[in-house]
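Colleague: At position 141 of the sequence shown the residue is numbered 141 (UniProt numbering), and the sequence of numbers has no breaks.
Certain hints may be false.
Said to hold, decoys possible - Below, simulated SDA-like cross-link-like pairs (lysine to any residue); rule was C-alpha separation at most 20 Å, straight line: (1) Lys160 - Arg203; (2) Lys190 - Gly163; (3) Lys190 - Val216; (4) Lys14 - Arg29; (5) Lys246 - Cys93; (6) Lys246 - Asp219; (7) Lys107 - Cys93; (8) Lys190 - Gly158; (9) Lys186 - Leu150; (10) Lys14 - Glu28; (11) Lys14 - Val43.
Claimed, not checked - Label-pair ranges, simulated between beta-carbon atoms: (12) Gly61 - Lys107: 18 to 24 Å; (13) Gln228 - Arg197: 23 to 29 Å; (14) Asp169 - Asp8: 21 to 27 Å; (15) Gln228 - Lys198: 22 to 28 Å; (16) Asp88 - Glu53: 37 to 43 Å; (17) Gln228 - Lys160: 29 to 35 Å; (18) Lys14 - Glu207: 15 to 21 Å; (19) Gln213 - Gly164: 21 to 27 Å; (20) Gln228 - Gly151: 27 to 33 Å; (21) Ser86 - Thr192: 30 to 36 Å; (22) Gly47 - Ser86: 19 to 25 Å; (23) Phe139 - Asp8: 34 to 40 Å; (24) Asp175 - Gly61: 17 to 23 Å.
Rather than coming from a laboratory, the hints here were simulated on the basis of the structure.
Glycine is no exception: its CB is placed at the ideal position from the N, C-alpha and C atoms.
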Amino acid sequence: MTVPEDNDGVRLQKVLSQAGVASRRVAERMIRDGRVEVDDRIVTELGTRVDPEMSVIRVDGARIMMNDDLVHFALNKPRGMQSTMSDDRGRPCIGDIVEHRVRGNHKLFHVGRLDADTEGLLLLTNDGELAHRLMHPSFEVPKTYVATVLGTVPRGLGKKLRGGIELEDGPVAVDDFAVVGAVPGKSMVKVTLHEGRKHIVRRLLDEVGYPVQELVRTDIGTVTLGDQRPGSIRVLTSKEIGELYKAVGL
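All chains should be built: construct the whole structure from the sequences, respecting the hints.
Modeller: See below:
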């Protein structure tokens, strides 16, 4: 909510600066250019004051999170590790990493699962609604994987996968597909889809005759793994967080 200049509240450009969006000077330019919304209303007055705890602030449509109690992390899950916060059989799990590398007693939700043999990006947050929406197929948040498969992939396979493949639990179609590398007897392919069914990438590629040998999830929405090492965890940037909320309508 916005409040008058002479009442309690914090100047909007200061709020944006403290949230790590930009320096105060750049934030002022963003406001003047009409790129900032407060409670669904574009604000262009530099003297505007807001309540950081109550206002919904967006820059270029992406929400700026002001709640210090909310946390958002990107984890590169190593191969051989369970995608659970604990394991009653004593197997290594992502909870082991969180316990040693995340400060504070946060009840974290992991966005989606990766089977033990799959490496790659997991998002962790204590915002249950965000986690739920990111996992729900109705919000169509894309997830990208790089798979090493047996054989030489023909040119027309991408078109076939985009058209849809029937699996035992229903049809599935990819959003994008590309061959990104090859060595004798093997190909490396990039697959993007918003499905979240169990082992969906492995089952899909196996169905069309290209069994997966190695699999890495590299992207969830606009968050990318980049050069993040297996087993490492990092705090998402304010831009990444805002884009995730935007993607699921929060």
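Colleague: When the hints from earlier in the document are held up against this structure, which numbers fail?
Modeller: 5, 12, 14, 18 and 22
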